[in-house]
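Starting from the given sequences, assemble the full structure and let the hints guide the process.
Quick note, the sequence shown lines up with residues 1 to 1172 if you use UniProt numbering.
In case anyone wonders, no lab produced these hints; they're calculated from the structure. Careful: at least some of the hints might be erroneous.
DSS-like cross-link-like pairs, simulated, lysine-lysine; straight-line CA separation at most 30 Å [claimed, not checked]:
(1) Lys17 / Lys59
(2) Lys665 / Lys226
(3) Lys183 / Lys214
(4) Lys723 / Lys178
(5) Lys1127 / Lys1100
(6) Lys968 / Lys226
(7) Lys968 / Lys1034
(8) Lys59 / Lys156
(9) Lys17 / Lys73
(10) Lys226 / Lys4
(11) Lys156 / Lys1100
(12) Lys1015 / Lys183
(13) Lys876 / Lys924
(14) Lys1142 / Lys1127
(15) Lys214 / Lys226
(16) Lys1100 / Lys4
(17) Lys226 / Lys924
(18) Lys878 / Lys177
(19) Lys156 / Lys1015
(20) Lys595 / Lys666
(21) Lys284 / Lys723
(22) Lys214 / Lys665
(23) Lys4 / Lys1127
(24) Lys284 / Lys878
(25) Lys1100 / Lys178
(26) Lys1142 / Lys177
(27) Lys665 / Lys209
(28) Lys968 / Lys214
(29) Lys666 / Lys214
(30) Lys156 / Lys1034
(31) Lys666 / Lys968
(32) Lys666 / Lys572
(33) Lys1022 / Lys174
(34) Lys1022 / Lys183
(35) Lys156 / Lys723
(36) Lys1022 / Lys178
(37) Lys968 / Lys209
(38) Lys17 / Lys4
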Amino acid sequence: MRIKRLEIIGFKSFVDKVEIDFQDGVTAIVGPNGCGKSNIVDAIRWAMGEQSARNLRGKSMEDVIFNGSETRKPHGMAEVSLIFDNEDGLAPPAFAQYAEIMVTRRLYRSGESEYLLNKTPCRLLDIAELFMDTGVGRRAYSIIEQGKIGFILNAKPEERRFLIEEAAGVTKFKARKKTAIRKIDATRQNLLRLGDIISEVNRQLASLKRQANKAERYRRYREELKGIETRFALRRFRQLTAEIAELEKGEREGGGVLERLGGELQVLEMRLDEGRLQQAGLEKELGRIQEQVFHLTAEIQQAEGRISFARQQREKLELQKERRAAESEEVRQRLVALDDEEEALERTVDGLAGELAEAEARLAEAAEAAAEWERLERRRNAQLEETRQKLYTLMSGLSRLQNQQQDARRRLELQDERKARNRREAAEIQEELARVQQEAQERSRRLEEDRQRHSGLRQEQERVREELDGWRARRTTNEEELLTAREDLNRVRSRLESLRQLEADLEGYAGGVRTLLADDGLKSRLGGLVADHLGVPRELETAVEAVLGERLQALLADSGDAEAAFALLRQKGGRATLLLGGPQPAGVPAWSEGKHLAELVETADDARLRGLLTGVYLVEDVRPWLGRTLPFGVTLVTRDGDTLTGRGEWTGGSAPAAGGGLLHKKREIRELADRLAGLERRVEELEAERQQLHGRCAEGEERLQELAAAIHRQELRLVDSDKDLARFRQEEERLLQRIEVLSLEEDQLHGDREHLQRLLQEATDGLRQQEEERQRLEAEIEELTATLAEQRREQEQARERLTRLRVEVASLKEREAAARSSREGLEQLRHELQGRLAVLAGEREDATAEQRRLQQEAESLQQRLEVLFARREEEKKKYDRQRDRFEETAQQLLLEEDRLRELRQQVNRVREEVGGLQLQLREKQLALEHLRQSFLDRYRLDLNDLEEVEDEPEIDQQAAERRLEELKRLIEGIGEVNLTAIDEYRELEERARFLLEQQEDLRQSLHGLQTAIAKINRTTRKRFRETFDQVNAKFQEVFPRLFQGGRAELRLTDEDDLLETGIDIIAQPPGKKLQGVTLLSGGEKALTAVALIFAIFLIKPSPFCLLDEVDAPLDEANIGRFNEMVKEMSALSQFIIITHNKRTMEMADTLYGVTMQEPGVSRLVSVRINEF
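See below:
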């Protein structure tokens, strides 16, 4: 997969499209600094997927797009295409069948980016996988750019292992391992979430099972209730149907009467419409006659106007005839004057012809003299020009010698300045060297401080992470408590709403109590139920209900309200008990063997309520008093509801069902309301705590992110500090080399000075000889110039005489032409005046004819005017007769309208009666529809369909109503029911089964991923070890060859951990001790890094190798050995070298030159060395 061709457009300084063909062997790219050579390396790295703008020497990725220059506008897109030769078929299997592989990357200034493989859109991952483990890639050892040599040697041991990993082909295994680890983390998180979900589902299953059982019981009661209510509804439905049929019959009879009266009304309206039509016809005829009168009046006025207009026109034509006669006389006088002017012009034309002939003869003589002077001037000018050319040639040579003299002097001055500058530079370099050495020591100290700060930030990060974990745990606990509290709140709210709804619907109350409380006016006057005013402890509810019984539903009232209440009950049916105020009965004898129940129950200091419990005592058991006589009016009651009265009435048996009493329901509503308020406060507190915990977690996460960012910044700072330190070390090396270069330049300048002094002497001698020749030629030119000036004065006089004669001839020709033109103008004017005279005569004749016509028209109009006056009088008489007939018809229509009004009143009375029947019918229909719709909404049954079914045998109405009430109490006792619980339970059970299967699948997937990672680790260790040993052995061979002696080796920092171990480079150049690479000189470091790269290439050759100024630190001797190695290895791989070194250029097979003739725009020139 060697590079066959590179295409660039709009990338950095390569504005126009550039194509670079890379051949086998060594290709060198050369050019001055700043011309854009390294941009070719950046283009290759960018096309292969580089994502860091910093590695491309920019701040943002947009910097790779050409940003414009002084003469060029910025580009909107950058595009680079790499074409690889795959004839050997060594590409990945997906691309092995292609002979060429084209990788393209585009970037738009809007930020959009595109990747293409063989012109097909793809992902960045596809491009990375194409180059993975081939030694080719944006970070592989096949591309060694500026600074990469220093990075290899100055990097941490752990960072150097990527070279061995790439050569071992384990990069793809590392990528797969990272993917597998991410999947393992995601799988574990999914398992945790799935476990939580399964626990929650199991908890919900138990709850739903109880709800499903309750729903089944509710459904049975509901079906029975539905059957009874269906019978009642069907009976009511049939009753309403019969009433509707009766009303429809009455409506039809009324409709017949209404139809008969409507017929009579229609006949009368038709007769009235005919009368109105007749009247409209009379009115129309009356209007037509009136319009005819108006039309005749208008014609009379029009005729009178036309007569007046004709008279005015005759007067106007008479005036025009007078004006035309005067104008004809003026035209005749003008014709007489034209004859005199024509005779004068004829005499003038004859005199001008003679003068013109004499002037043209003098003009011909002057023209011949002027031509002779011009020929003489051309000969003198040619002689002068020849002499001047000789002088110009001499001056050119003289200027060249002067330039040579000045250049020699300038170069001598520059040498003197350069010597002085070199001496100053040497002194400055010495100062700079001292400063750089001091700065390097300071950078080393700062680097150590940055490492300590980095360690402190790591410790702070761990502390914040532990604190954040604590807050998250508390947040989880809070959310669980909040979930439980919300469930309790919803359950209590639902129960309270159900009880309040039952209380509002008066469920469980007697019919009479319902009737009284349903009346809004009476309900506001009553004092409420006895049960509403009693405060009974929980343990005494059964006892109080046993004693009071139905009196708990008694209503507090005064005597007046009581009479109104009983009147209402007698009207609507039902019975009720009302507790009145007034004097209370005398107290009963005290009884000390029990607790007086009135003192144990709160009665709100109401004597009426206290009187209900007077004489009632609470005992543990009534059996001890069965054989004893109780005082009159004393009643004993136990907590279980057994009672014993002074009359010997003993009531007992099984205890009532818990929660079924009225007091219990009232107390439960109060307790639920209090509990609801408490739960709402608890939920609010938990939600506030939750918000607080969310805030603290967010603060912790934000602090953790800040620390991570700070650590990242500190790590970047460490890298920058490390690079800065290396840069200062390199700067120190450069300064030392520069001092040596300045010494060599001093010797070279001394030799150049002698050569320049010899050139200066030669130029001085030549200038003296040519100066004499210049003076002779200038004297000759001055003499020729004076002679030519005298000739030009004579020639100018001849030209002036010629010009005067030409002006005179032109003037005579112009006067002759003007005279002839005037004569032609007079002739044309004569014809025009004669034509105008004929036109005026014709207009006078036309005016006379028009006057006669107007006179005849006026006489005709006068006769028509007399006829119109007679016709108008006749039409006026006809109009009067028609108006009398119209008024008579209008009086008859008024009588018909009175009769029509009476008939309409009768129709309206009948219509109102029919409307009343229709209203009753509509009410019954609405009641029937309401019954049908409510039954349909409640039970999804249509009574119309049930109507066709044969009715069941007659049932006992009272027994059915009792059973209906019983079913309602049973349904009410069940409480809140979730009818969807049965289906929800079945669905949740199926979901629990599915979740358990998913949990098992995730566990198997986790085991499979862990097995795959273990296998990847084994393969990575094996390949890494084998490749390391091979590279180390080859490194030990290449190093002595490049250094001509010495030895070097690679060492693992931790041989027990081949997955994470670093790599140390130990080198011993000839004549030195074994030491680390950081102690080597700049050239030794570069050569050591080259030796390592070449060793890797010899183990696993990459299809191509790109070296960007790698030979810059090498001296002449090392350059030779470096070039030998490159030439030798070019048989295995394609080499592309960016260099300034002449010997490297000589070794290359193909040379590309990069120039920047236009500022900011790079261009290419190429040379094939082997062809010369």
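Hint by hint, here is what the structure shows:
1. Lys17 / Lys59: With a Cα-Cα distance of about 24 Å, the restraint between Lys17 and Lys59 holds, given a limit of 30 Å.
2. Lys665 / Lys226: holds (26 Å)
3. Lys183 / Lys214: violated (45 Å)
4. Lys723 / Lys178: This hinted pair holds, its Cα atoms lying about 29 Å apart.
5. Lys1127 / Lys1100: Holds: Lys1127 and Lys1100 sit about 17 Å apart, inside 30 Å.
6. Lys968 / Lys226: Roughly 11 Å separates the two Cα atoms, so the pair holds.
7. Lys968 / Lys1034: violated (97 Å)
8. Lys59 / Lys156: Given pair Lys59, Lys156 holds - Cα atoms ~25 Å apart, limit 30 Å.
9. Lys17 / Lys73: Satisfied, since the Cα-Cα distance of roughly 15 Å is no more than 30 Å.
10. Lys226 / Lys4: violated (89 Å)
11. Lys156 / Lys1100: holds (23 Å)
12. Lys1015 / Lys183: holds (16 Å)
13. Lys876 / Lys924: violated (70 Å)
14. Lys1142 / Lys1127: Roughly 15 Å separates the two Cα atoms, so the pair holds.
15. Lys214 / Lys226: holds (18 Å)
16. Lys1100 / Lys4: The given pair, whose Cα atoms are some 21 Å apart, holds under the 30 Å limit.
17. Lys226 / Lys924: holds (24 Å)
18. Lys878 / Lys177: Since the Cα atoms of Lys878 and Lys177 sit roughly 121 Å apart, the hinted pair is violated (cutoff 30 Å).
19. Lys156 / Lys1015: holds (28 Å)
20. Lys595 / Lys666: holds (24 Å)
21. Lys284 / Lys723: violated (115 Å)
22. Lys214 / Lys665: holds (21 Å)
23. Lys4 / Lys1127: Answer holds: Lys4 to Lys1127 is near 19 Å, not above 30 Å.
24. Lys284 / Lys878: holds (14 Å)
25. Lys1100 / Lys178: holds (25 Å)
26. Lys1142 / Lys177: violated (47 Å)
27. Lys665 / Lys209: holds (27 Å)
28. Lys968 / Lys214: Holds, because 15 Å separates the two Cα atoms, which is no more than 30 Å.
29. Lys666 / Lys214: holds (24 Å)
30. Lys156 / Lys1034: holds (22 Å)
31. Lys666 / Lys968: Roughly 19 Å separates the two Cα atoms, so the pair holds.
32. Lys666 / Lys572: holds (28 Å)
33. Lys1022 / Lys174: holds (14 Å)
34. Lys1022 / Lys183: holds (25 Å)
35. Lys156 / Lys723: holds (12 Å)
36. Lys1022 / Lys178: holds (19 Å)
37. Lys968 / Lys209: holds (24 Å)
38. Lys17 / Lys4: Holds, at about 17 Å.
Of the numbered hints stated above, those contradicted by the structure are hints 3, 7, 10, 13, 18, 21, 26, listed in ascending order.
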